[in-house]
Each structure stands twice: as C-alpha cells, then as structure tokens.
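One letter stands for each residue in the lines below.
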Amino acid sequence: MPVSLEIVSPEKLLLSRSVDMVVIPASEGDMGVLEGHAPMIVMLRGGTIDLYEGDKIVERLFVDGGFAEVTPERCTVLANKAIPIAEVNKADAERRLAEAEAAYAAADKRDTAVEDAATDVIQSARAMVEAAG
Amino acid sequence: MPSLKTLRLRINSVKSTQKITSAMKMVAASKLRRAQQQAEAARPYAQRMARMMASLGASVAGSPTAPKLLVGTGADKVHLLVSVAGDRGLAGAFNTNIGRMTRNLTRALEAEGKTVKILAIGRKTRDYLRRELASRIVGDVTFAGRKSIGFADAEAIAVRIVGMLNAGEFDVCTVVYNRFQSVMTQTPTEMRLIPAPLPDIGEVAGTASYEFEPDEETMLARLLPQNLAIQVYRALLETNAGFFSSQMTAMDNATRNAGDMIKRLTQNYNRARQANITRELIEIISGAEAL
Numbered sequence: 488m489p490v491s492l493e494i495v496s497p498e499k500l501l502l503s504r505s506v507d508m509v510v511i512p513a514s515e516g517d518m519g520v521l522e523g524h525a526p527m528i529v530m531l532r533g534g535t536i537d538l539y540e541g542d543k544i545v546e547r548l549f550v551d552g553g554f555a556e557v558t559p560e561r562c563t564v565l566a567n568k569a570i571p572i573a574e575v576n577k578a579d580a581e582r583r584l585a586e587a588e589a590a591y592a593a594a595d596k597r598d599t600a601v602e603d604a605a606t607d608v609i610q611s612a613r614a615m616v617e618a619a620g
Numbered sequence: 002m003p004s005l006k007t008l009r010l011r012i013n014s015v016k017s018t019q020k021i022t023s024a025m026k027m028v029a030a031s032k033l034r035r036a037q038q039q040a041e042a043a044r045p046y047a048q049r050m051a052r053m054m055a056s057l058g059a060s061v062a063g064s065p066t067a068p069k070l071l072v073g074t075g076a077d078k079v080h081l082l083v084s085v086a087g088d089r090g091l092a093g094a095f096n097t098n099i100g101r102m103t104r105n106l107t108r109a110l111e112a113e114g115k116t117v118k119i120l121a122i123g124r125k126t127r128d129y130l131r132r133e134l135a136s137r138i139v140g141d142v143t144f145a146g147r148k149s150i151g152f153a154d155a156e157a158i159a160v161r162i163v164g165m166l167n168a169g170e171f172d173v174c175t176v177v178y179n180r181f182q183s184v185m186t187q188t189p190t191e192m193r194l195i196p197a198p199l200p201d202i203g204e205v206a207g208t209a210s211y212e213f214e215p216d217e218e219t220m221l222a223r224l225l226p227q228n229l230a231i232q233v234y235r236a237l238l239e240t241n242a243g244f245f246s247s248q249m250t251a252m253d254n255a256t257r258n259a260g261d262m263i264k265r266l267t268q269n270y271n272r273a274r275q276a277n278i279t280r281e282l283i284e285i286i287s288g289a290e291a292l
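For the protein sequence lines, the chains are E and H, in the order given. Residues in the first sequence are numbered consecutively from 488, following this note's numbering. Residues in the second sequence are numbered consecutively from 2, following this note's numbering.
No lab work stands behind these hints, which were simulated from the structure alone. Remember, it's a predicted structure, so these values are computed and weren't measured experimentally. Even for Gly, the Cβ is constructed at its ideal location relative to N, Cα and C. Hints may contain errors.
Unchecked claim - Mimicking BS3-like on lysine-lysine, the simulated pairs with C-alpha atoms at most 30 Å apart in a straight line are:
| # | chain 1 | residue 1 | chain 2 | residue 2 |
| --- | --- | --- | --- | --- |
| 1 | H | Lys264 | H | Lys26 |
| 2 | H | Lys26 | E | Lys499 |
| 3 | E | Lys568 | H | Lys32 |
Stated by the list, open to error - Which bits of chain E does chain H cover? Going by a derived footprint, with three or more residues having C-beta under 8 Å, they are:
| # | segment |
| --- | --- |
| 4 | 507-519 |
| 5 | 533-539 |
| 6 | 552-566 |
Unchecked claim - Derived Cβ-Cβ restraints for the label pairs, each shown as a range:
| # | chain 1 | residue 1 | chain 2 | residue 2 | range |
| --- | --- | --- | --- | --- | --- |
| 7 | E | Gly519 | H | Ala109 | 51 to 61 Å |
| 8 | E | Asn576 | H | Arg35 | 20 to 30 Å |
| 9 | E | Ile544 | H | Gly90 | 46 to 56 Å |
| 10 | E | Glu588 | H | Val160 | 35 to 45 Å |
| 11 | E | Ala525 | H | Thr74 | 34 to 44 Å |
| 12 | H | Thr74 | E | Lys596 | 23 to 33 Å |
| 13 | E | Gly519 | H | Glu170 | 41 to 51 Å |
| 14 | H | Ala109 | E | Ala525 | 42 to 52 Å |
Kindly produce the complete structure, drawing on both the sequences and the hints.
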C-alpha cells in the first residue's frame, strides 16, 4: 500500500517516489504517514525524514523545516533544503548552529515573532548536527 | 561620393559588428534555455504553495487578527513599487518598458495624492529610475556579474520587504516585471504582493477539509513570508528568461540589419568601381582620338 511522496524545494523537485510509510518531523512531534491518512497540512521543524519500505528504512533525508501536505494518497513536503543523511557535513552543521546562536543573541527579544523564528533556526541547526553525528 | 577606400573600410566594420551580434545571439539563446529550465523547475513548489495558501487563507481571511501580509495595514497611503528588470542592456526595449511602466504608475498614484517608494532590482532599472524618479528610490539590488540567481536572492529581497512592512514604511506593495509569455513576447505586468491576493479556491482543485497542525494562524504567519519569497523568485526567474529571449530577438534583428547594410554598401562600392572604370576608359579613348 504505497504513499506517493514528493519532496520539493523552491528551486526544483528533489524527490518523487512511492514508499510504504514515511515519517516526517512535524512541529509538534514526528508523524508517520501511511496510505489513507486524513488530509492535513503540517508545519515541519528541522529533522530527518525516514522513508520506509516494508519495515526497513530505505532512505533518510535531513530537512531544515518547511511544510507538508498530507492527503490519503499523497504526502508532499515543501522544504528549502533536503540533504541525504550521508551527505550532511558535521563541520558545516556546527558552523550553522554557531551562526544561529549568534543570530538569536542579536535578535530583538521583545518581538515574539522574531524570537520564535530565531529559535526555530537554532532548533533546525541542532537537528542537523545530531543527524551528522 | 565616398571613395572606394572608405567604402571598403565601412563594409569591413559592419561585417565585424555583424559577427559580434550573431555571437551574442547564440550566447543569449543558450542562456535562455538554461533560464527556462530553471523557471520550469520552480513550478512544482509554487503550485503546491498556492494550494496550501488557498485552503489556509480561506479559513483565516475574515478574522480581525489576520496578519498584515495577508490583509495589508488597512490604509492605502504609501505604495511600494518593486521594479524588476535586467542588469545588462542590448536587449531591445526590455528594460525601458519596465522603467516606463514604473514611471507611469508613479505619476498615476501621485496624481491620486499617494506617496510612492521604489525598490529597484537590476542595474539597468536602477540607472533608468535614478534619472527620472531619484527621490522615490528607497533601495536597489543588482545581480550584475553573477552567474545565476538562486532562491536565496529572492528570499533576501522578501525579508527586506517584510521588514519595511513591519516598520510601517508602506501600505501596499506591487511588483512590476516582464511576464514571460513566450520567447517572442514579454509583457510588462504589475502584480500585487501585499495585501496578498489569495488564489481562488475554485481554481485549485482538491482543497477539501484539511486539518492543521499547528493552528491556522501560526501556520499562516510562517507561510506568508515564504509565499512572498516565492512570488519574488518567480518574478526574478521570469525576468531572467525574458531578458535573454529579448536579447536574442534584439541581436537577431541587429544581425539582419547588418546584413542588409552590407548588401547596400557592397552595391554602392561596385557601382563606384564601375564608374571609375568607365571614366578611365572614356579618358583613354578620348585621349586616343585627340592624337
């Protein structure tokens, strides 16, 4: 019972294949999507997307946040960046984390929207470091 | 009557101009292909984004706490025009059309008593507008010397626009760009960015009842800036593709004109040569008769 999964970045279609199950890092916790899932639109945090075929993970990708649209037949992930786990570079990830923390320190804390955005960037960078390690 | 030598020189100079223009045409054609591919690749994301926006926007639009990006500031006093055109010239009326449209829009808005601010994108746009509307320009962005434009560039512009909105520097934002209709036609178009026009639900199929996680408003607050960046990105890509097709057409015309000119000059040259020969013959014959 396949779900057709698409991962799209603003620049191009990154991945399009059908899988048995996909686990996406939704903002309020990981979410498994099987065929026949109720229609949902979810926000994603930085984390890994796991593609399952049968009981096995066949592919893992890191995404830096975005959105996902789930329908009974499809799962569409809109992400700015999606990198196969094997290609995530630890040094790169750590540099991003450092940059994010600096940006957070510089951000205007009185504006909750700005603070939230900065926190999300840190969270996404941390997930990237974890994924690399 | 120009001498044979000057004619020969002119023919040669037109010939070398023709070589340059035909080479530029070829380069533009290959760059156009790449720009078109890039624009094509960006389409899936934009379509899916529009689908989400349609189903989200419909559920929030009526509420009084709807974000500014969606409903605007409520006023209609200060307009921000984002003019997008090329960084380089030699592309026919491509850049001028945008400049002219921006100028007309500015005049029309100011006649209604509104304030206009301009964000110029592209070196040629900036230069053109600086001559005419310098006092309204609040900023400019150029990609001169860059190989290609990426989404990050669009995002930077979008962040700047959102920043200006939050600082209360304008009420309505419109982008002026060349819509890429085909390789032959690019139409200068104005597209409103803020307040964001919602895609019509009827147009976008399959927007059944979605559940949202987190709630609609949090989501919309994140989705709107992204959507703005996507719109800017689209304008940039269409401008890029349009620029090269316009340059290709312009250079094709120039090559053809040069060909016509060479033909005419060669004809003049031959006529002058013949006239010289005839004159020499007459001189020789009349000289012989006089003997």
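These are the hints, each one checked on the structure:
1. H/Lys264 <-> H/Lys26: This hinted pair holds, its Cα atoms lying about 21 Å apart.
2. H/Lys26 <-> E/Lys499: Answer holds: H/Lys26 to E/Lys499 is near 28 Å, not above 30 Å.
3. E/Lys568 <-> H/Lys32: Holds, at roughly 25 Å.
4. 507-519: holds (count 3)
5. 533-539: violated (count 0)
6. 552-566: holds (count 5)
7. E/Gly519 <-> H/Ala109: 51 to 61 Å: 55 Å, holds
8. E/Asn576 <-> H/Arg35: 20 to 30 Å: 28 Å, holds
9. E/Ile544 <-> H/Gly90: 46 to 56 Å: The hinted range 46 to 56 Å holds for E/Ile544 and H/Gly90, with Cβ atoms some 54 Å apart.
10. E/Glu588 <-> H/Val160: 35 to 45 Å: Taking Cβ atoms as reference, E/Glu588 and H/Val160 lie about 20 Å apart, which means the hint is violated.
11. E/Ala525 <-> H/Thr74: 34 to 44 Å: 37 Å, holds
12. H/Thr74 <-> E/Lys596: 23 to 33 Å: 24 Å, holds
13. E/Gly519 <-> H/Glu170: 41 to 51 Å: 45 Å, holds
14. H/Ala109 <-> E/Ala525: 42 to 52 Å: 49 Å, holds
Checked against the numbered hints given earlier, the structure breaks hints 5 and 10 and satisfies all the rest.
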